[in-house]
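All chains, full assembly: derive it from the sequences and hints.
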Amino acid sequence: MGIAVIGGGAAGITAALDLANSGYKVYLVEKNAELGGKMAELAECKVGLSPKIVEIENHPNIELMLSSELESLSGSAGNFTLKVSGTKVEAESVILAPGYDVFDNIAKSYGFGSPDVVTSLDFEGMLRASTASGELLRPSDNKPVKKIGFIKCVGSRCQENEICSTACCAYTAKEVWVLKERFPKMDVSVFYMDIRVFGKDEELVAELKDKYGVKYIRSRVPEVIPERGSLKVKYEDLKKGAIANLDFDLIVLAVGLLPSKTLGRLSEITGVKTDEYGYVETSITSPLETNVPGVFACGTATAPMKVRESVAQASGAALKAAILAQRTEPIPGQEERKYIEVGDEQKIGVFICGCEGEVSDSVDIPAVVEQVKQLRDVVLVNGDTNTTKEVLEAIESGIVDQGLNKIVFAGYTPREYETIFRDSVAKAGLNPYLLEFVNLREQCAWVHDKAEATVVAGDMLRMAVGRARYLEAIQIEQYPVIPKALVIGGGVSGMNAALGIADAGYDVYIVEKESELGGGLRETGELQSGEKASDILKDLADKVAKNKQITVYKNAKEENVSGRAGSFKANIVGDGVNEELEFGACVIATGAKEVAPEGYSGNDVITQAEFGKMLGGTVSANTIAMIQDVGVGVDAKYSSIELVANALKAKEKNHNVNIFVLYKDIKTYGKWEVLYKEAREKGVIFLRYETAPKYEGGIVSAFDVILNDDVQIKPDLVVLSTPTVPAEDNERLSKMFKVPLKKGFFMEAQERPKMVLTPVDTVNEGVFICGSAVYPAMIDECMAMSTAAASRACVLLAKNFMETPAVSSVVDELICVGCGVCVDVCPVEAIELTEELVPVVTFGVATVVSAMKKVAKVGDGCIGCGSCASYCPSSAMSLKHFRDRQLYAQLDYAL
Amino acid sequence: MGEEAKEEFEPKVVGFTCNWCTYAAADLAGTSRKKYPPNSRIIRLMCSARLDPMFVLKVLLNGADGVFFSGCHPGECHYIKGNFYARRRIAAIRTILKQFGLDDRFKSYWISASEGEKFANTMKSLTEEVKQLGPNPMRGKII
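First to last, the protein sequences are chains A and B.
Letter 550 of the first sequence, counting from 1, is numbered 550 in the working numbering, and no numbers are missing.
Letter 89 of the second sequence, counting from 1, is numbered 89 in the working numbering, and no numbers are missing.
Treat the hints as calculated values from the structure; they're not laboratory data.
Source: prediction; values computed, not measured.
Among the clues, some could well be false.
Pair by pair, the computed Cβ-Cβ distance ranges are [to be verified]: (1) A:Phe801 x B:Ala92: 36 to 44 Å; (2) B:Lys35 x A:Ser601: 56 to 64 Å; (3) B:Pro137 x A:Asp361: 34 to 42 Å; (4) B:Lys35 x A:Gly683: 56 to 64 Å.
Cut-off 27 Å, straight-line C-alpha distance, at most; resulting in silico cross-link-like pairs (DSS-like, lysine-lysine) [what the hints assert, rightly or not]: (5) A:Lys754 x B:Lys118; (6) B:Lys81 x A:Lys857; (7) B:Lys141 x A:Lys880; (8) A:Lys742 x B:Lys124; (9) A:Lys147 x B:Lys35; (10) B:Lys118 x A:Lys743; (11) A:Lys211 x B:Lys124.
Glycine included, each C-beta is placed from N, C-alpha and C at the ideal position.
Structure (structure tokens):
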């Protein structure tokens, strides 16, 4: 049996790969003829998603069912029978990832219907076309666009679609960034109601405003009037308090998200319940489970969200589905591999891929082939392949049938495709480090004109062939994976991650620095959704206590972390404990910390967290002033939601209470928008400020930018949004686990700028992050992210062995003089000086004897930066795969 | 050298970039189809710390008209602090190159993964600057 994944977009692809890579059979069902879903339509995203699609297409554990649809589902968890376009599929569990559709009932008042008013999805297509041509042309008359207006919240936060689509603010920012990177002189204005972004997107918006000169104009646009040759946007100029006009060449409507049109039918077939907005009904504590046991949902099927949250949910759903299934397939890369012996004879094979026109349109491949044929040691040049699949097959047959012992591949960037190609070379029986990449697409074909590109391509290939001659087979050693995990932090995220890993069958250690589990949620009363935080905590803590595979260390800290993915070691030090633990993967879930706000003081000043608790009893205040974003720490993702939820509860308790909210941006993402609307309906007064309000002598004074006037409130109670800061320990953990921080929060690994397809992975393989350690997140997100981290950890723990990193430093003991420079320049302290009995050359005489001598020794921690190799005064240290002679060969041929 | 010959001079430049920042920026410039002059050949290193001063000397003594190095912004290194080591080296390399009168031909930059536009612009300005300097006097001389 296996697991059926319905939907082949970003979420479906992620879930399928996590499952297939841990040994499960996957049926991936996609209604279109190609994988990629909506993400493949986005200008920048397709390039980032492509390597994953290639991986799926070549994956032995995935049965790809394209142009197929789910027709029926019967049976129960652990034993489902599906009919997919007439084919019977048996599966133990099902993941629904049908994605979204965009709002299409756009009001005429936006000028929609004019060819120059486009939706954001259409604009992605225009951006892609502009990429090839270098120009952005107006659809109506093909004249270059100089001035663009973006209008946000079209088809979201409106009558037809009440809720906030969450993703639009961020995707608009990204579109604007791509646009400004490509056309720096473009005049860009963005009309918005609230800027609902957090974390890194918040930085992006700030950068767009300050560095790129993008105008963010706060106004809900009532009308766009197409006039001859331009589009007039009417808006409210808040500073002047009057209606104003601006003319644009092109208008982009940031359209809202709706549940996929296929979801209704999927819900009928599977019996999965949907909510009043048409999304799969899930709960705040189990965001991935549906009402049908064994059927899970992820991504935009559950709520509107960004790619980052979508793929996190997908990884999480993969683990939930895997727990119900049997592992039946071998895990890729875990088979015994024997490589052919490479003798002295060089047999270099060069493969130049046309990359479906992406290279062959600019580079004259036949001409380059002729040049390369002239090079010494080149025995085969193939310039006929056009797709990844074709070139991989050609390389394999070149190794197997023609005995090639060095491969040069020219085409895609090595940054994303190296793993796939190395794997393929290894399968054919050649040491994977005898492969050299030439980045012909990204760094040649796409950036130079045709005649130039061909010249550059010739040079690049010559350099690569030169280097290939000096490539050497790197002995890769295997070491066993320790099937245990360490979870740092015993809050909601930590406990949930631990339970996920334990449910998958592995032992887990939780290390909590405090005397009890629970973390930040212990300070919370009732959640926005009405559940009591204490109930959620109790439920999790009970499950942890009952689970025999989980060991909890309280009042403890981890020290002396060493090792690498699959085999780490650390000391756990605490109250009467000092144990050395071994584990294969680590999940960091240190959470965030709420701190006391600064700048406002008085007995009647409290935080939202305190107010939330107060709401459990009696509230005597008649007039309450709530101040948002008080300038300390970061704005937690839930802070606006907490605020409106608390305001509503206070109104419910006493409908005569006056509540004034002083805010900058109300960020009620997704379905929480409804609370914001309700709060306004119930009479909560929202006042928007730009300069921080003051509280002096019992009076809150602020300048309301909508009234364009000063306001003064005399409250009985002032409630401040609780500022959130990163956990104190992050700095120490960052160094120990080699995971960089940004503004004190842990950073995820990023394959492409501003694209997060691996939200819980870090640059240090085997170390995962989740929950508020990444950004202050809501409970449902913490639950999804921590399950995702558990899932990623389990993909690693499922392996029997890992391979030592190939790119690492080695010391030639004969030459090493033991000066210790390498010890000083190693950023991870992986080198030490030892005194050993080693061969030495005495008095310049060629006779070699052994003697005690100080030599450098490279330890397990080496990360392969090459610092030691370039600093070593006697060239005793070298970095494998980047040895001096390999680089010299490359640069000799550069000229 | 006559005016005409100088106009036709197309310099040869060799660049060293780290894999995580500048090499990624060059990829991004590609994805965004940012055209730039075809004069530079890039050698990928994993970290800027791998930059050996010998590489720079060798490139220039081989006759390249320019050589550049670019890595992550200081403080953003994938290998924690590799680019700080690189920064120290750059200062040392300049001192050495001064002796040969070649220091103008060595440029260094910090370009992060999201700065595709900056990478393309840097390639343009770099090519211009090297063009102004004219051919490397070392070209053709065997040392």
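Consistency of the hints with the structure:
1. A:Phe801 x B:Ala92: 36 to 44 Å: holds (43 Å)
2. B:Lys35 x A:Ser601: 56 to 64 Å: holds (58 Å)
3. B:Pro137 x A:Asp361: 34 to 42 Å: Holds: the Cβ-Cβ distance is about 39 Å, inside 34 to 42 Å.
4. B:Lys35 x A:Gly683: 56 to 64 Å: Given a distance of about 59 Å, which is inside 56 to 64 Å, the answer is holds.
5. A:Lys754 x B:Lys118: Between Lys754 (chain A) and Lys118 (chain B) the Cα gap is close to 16 Å, so the pair holds against 27 Å.
6. B:Lys81 x A:Lys857: With a Cα-Cα distance of about 21 Å, the restraint between Lys81 (chain B) and Lys857 (chain A) holds, given a limit of 27 Å.
7. B:Lys141 x A:Lys880: violated (32 Å)
8. A:Lys742 x B:Lys124: Violated, at about 31 Å.
9. A:Lys147 x B:Lys35: At roughly 23 Å apart (the allowed maximum being 27 Å), Lys35 (chain B) and Lys147 (chain A) satisfy the hint.
10. B:Lys118 x A:Lys743: Measuring from Cα to Cα gives roughly 24 Å; hence the hint holds.
11. A:Lys211 x B:Lys124: holds (21 Å)
Going through the hint list in order, the structure does not satisfy hints 7 and 8.
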